[in-house]
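Asker: Given chain A's structure and the hints, the job is docking chain B onto it.
Number of protein chains: 2
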Amino acid sequence: MRAQFDHPPPIVSALQAVLPVGCVLFRLEDTRPYECDGLSAFRQPPLAVALPEDEMQVLAVLDVCRGHGVPVVPRGAGTGLSGGAMPMEDGVVLSTAKLNRIVRLDAMSRTAVVQPGVRNLAISEAAAPYGLYYAPDPSSQIACTIGGNVAENSGGVHCLKYGLTVHNVLRVRVATIDGEIVELGSEALDAPGLDLLAVFIGSEGMLGIVTEVTVKLVPKPAVARVIMASFGDIVTGANAVASVIAAGIIPAGLEMMDRTSSRMVEPFVNAGYDLDAAAILLCEADGTPEEVEDEIARMSAVLREAGAGAITVSTSEAERLRFWSGRKNAFPAAGRISPDYYCMDGTIPRKHLAHVLAGIAQMEVKYALRCANVFHAGDGNLHPLILFDANRPDELARAEAFGAEILALCVAVGGTITGEHGVGIEKIDSMCVQFRPAELTAFFGVKHAFDPAGLLNPNKAIPTLHRCAEFGRLHVKHGALPHPDLPRF
Amino acid sequence: MRAQFDHPPPIVSALQAVLPVGCVLFRLEDTRPYECDGLSAFRQPPLAVALPEDEMQVLAVLDVCRGHGVPVVPRGAGTGLSGGAMPMEDGVVLSTAKLNRIVRLDAMSRTAVVQPGVRNLAISEAAAPYGLYYAPDPSSQIACTIGGNVAENSGGVHCLKYGLTVHNVLRVRVATIDGEIVELGSEALDAPGLDLLAVFIGSEGMLGIVTEVTVKLVPKPAVARVIMASFGDIVTGANAVASVIAAGIIPAGLEMMDRTSSRMVEPFVNAGYDLDAAAILLCEADGTPEEVEDEIARMSAVLREAGAGAITVSTSEAERLRFWSGRKNAFPAAGRISPDYYCMDGTIPRKHLAHVLAGIAQMEVKYALRCANVFHAGDGNLHPLILFDANRPDELARAEAFGAEILALCVAVGGTITGEHGVGIEKIDSMCVQFRPAELTAFFGVKHAFDPAGLLNPNKAIPTLHRCAEFGRLHVKHGALPHPDLPRF
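So the protein lines, in turn, are chains A and B.
Residue 376 in the working numbering sits at position 376 of the first sequence, and the numbers go up by one each step.
Residue 114 in the working numbering sits at position 114 of the second sequence, and the numbers go up by one each step.
Take these hints with a grain of salt, some might be off.
Among the chain A residues that face chain B by a calculated CB cut under 7 Å, a handful are [to be verified]:
(1) 187
(2) 202
(3) 349
(4) 396
(5) 438
(6) 466
Far from chain B, by Cβ distances over 12 Å, these chain A residues were calculated [said to hold, decoys possible]:
(7) 163
(8) 179
(9) 224
(10) 298
Don't read these hints as lab results, they were simulated from the structure.
No residue lacks a Cβ here, since even glycine has one placed at the ideal position from N, Cα and C.
Bound-form chain A, shown alone (with noise of 0.2 Å):
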């Protein structure tokens, strides 16, 4: 790690000078609070921090970064798992944090038009005596900001039925590296022209700057509700998931936990949770109580059919979030138990729910460690937990190597490496498994489309094709589901 400097570097003083005062941040014990963001086993301080406060100084911080031939890794509130915010020795983290104003909430179009640093939940605080809110919700949404969430496509419980956030984000309005604002996407449903609202989101800061998002808003439910149901095995839970699918309901949240997820967060939470059950299903219902009364009832009939043991419906909004509490804790309850924990992020087509936790089972024996199963069952959105000790001889890799079997067996059923937390640095060798060389050449085009001189998030997300050929793997893609009849290249 690089000692403190003796003198700044020049950009420092290249950038004090379209910043105000306060607005470069440059000596270690400043820059330190940035040296990573949610993925905490990688640090990095970075040469320096920019925090404009408005769409010009953005501007003003890109055309010193590319006069100088600086990297610029934009950062929301670093709560991104993946490490996408990971910052750069010779980079600037260009922070969103004073870009935190809500522009302006037209509530009879339902839309808000926010700055990138505005966190989640304050959309939704701003909407609610409209009785409107904003729907992707991650775990992260009382701290995480739409600008990163735009970054990562977030997701949250409540995606299965109200989609991620590249399905409630209108437009956004882009600096480009470049010195031009863009923007892409349009209040009305449908654009002409490419449709690079879609790239940009989930692009992970290798496009250009958000510096400002129009979020569509939604009418608050009038209800909600949820069912707690238990499974003798977690096979049996699985196809339950599948068969609510199958039954033409789409819950407002449809989640999983097995009993080693259960366990652990029960003594923390006290959800009320069966802890004998191989796996417990928490799926709710949101509308009018009409509606919800109905849903409930459908749910219910096709839990009990497909096998569930006890089932228990919250009868009062207390009671519905201290269901939810097991879920929405998982993670820190993981930390509580294990000294370190490694959680994954692969999602798989709905079907092979069964098959693929079948396999993670397995591992677990192969790898001599725990995994703890928590998912978004509906949007086949698996978060396996792997607990181990950093300080024990090779756990740290078995771990790792734990990880890269479950996401190479979620690209083998047709899956993807990441649902919701991104690419980051963290799997950026596994997107080698998941794309052709060619599908990641066009990758580059785009990249190079907006950044030439790759002076966005460089190294993030997308692996070059000789990162590819050192790392020795070769895609898998649908390597368990051969194509019958069609040749293939």
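Answerer: Leaving out everything else, chain B in the frame of chain A:
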């Protein structure tokens, strides 16, 4: 127009060498059927037509064209309305007509994998035995193909509730001009890397040739009923649309027709429309019988409150189809009462419906031409039909100016120049109004990443900056809604 060849051009024998007998057309009598698409005002027979029968042959055609430096114009069923499949005199039309196989249909995971030349309706027909269907339903669904739907991001009367093509396609397999196969998207909810699937959908054949599409199938609703409501003036009708949406209802269809339209179509279909009403609204509910009954009751109450006169609810499937028949036959009816018509496709934020309709009424006076308004009111997608007679001096020019002014008004209120028909050659100049130079440059950057030599459907969909300069139009984006407090560049 070019005379018939004495000797076929060299590209013909090169294509014949890689395709089966009968799959290369080059005589004028054979290429004539391909000289235009649904935008029949412009005609140009192509150099040749290639009809590959499988993916390997698609790659071979692209390889030959790349080798000869010959442009490629992809074509589905040729039902497009903006000239996206308009041939080039020196280009090859690549027709997907023979790629017409349903590869597989998985009722359990509710997906179908189809080749691009499969007709939209054929997917729903194949899914019907499983109680499923493919939701996007453009008016041309009997004829149009899924490949063309992908190219244009097609919608339909049900897209308010069920989404556009981009919301109903999970994955595409694409042959690139470089001879590679890439797969964009995934059967899982989200995919890592850049969301190139969304960019590809609606890219009007500029980025690659679709060889396979994986679509979502949805359960066919048990029941559907439609409300027909009359309004004494069009502004009240437009405001009623906003009221329905504001009440938290998402109808399965929400369509509006003005008096000009209903009087135009009624003699042909006998739909039973109220010909004294200034506007008729059709609001459909679908789902279980209980859901439909509840939603019909809520929508009726909102419409009555919003000032509707007569309200009729369909009591049988035959009656429901009869109510819709007028809306679905508006275009053919226009062709029967007017020698020519020009169909526009602007999309606006719903709240500006009344304002834009009033503006169109003023333009009818200004240009001395009648305009029938039929539209997807729920999602703000207008289809003004400008009626004219091309044989009368000046009427075509007035109709074009009328259309351009409608689109400029759409853009000025924050809307777009196309909802679902695409840009093609028809609206390419209006793109200069819609987008900033930096935004057009970003589009070309992405285009260049996929097609560096610019061989795929050139001169469509995206205007060059040079063309915009010649056209002499500055972009007016959000011109009527200036940003109150942020600087603009």
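Asker: Could you tell me which of the numbered hints above are not met by this structure, giving the numbers in increasing order?
Answerer: 4, 6, 7, 8, 10
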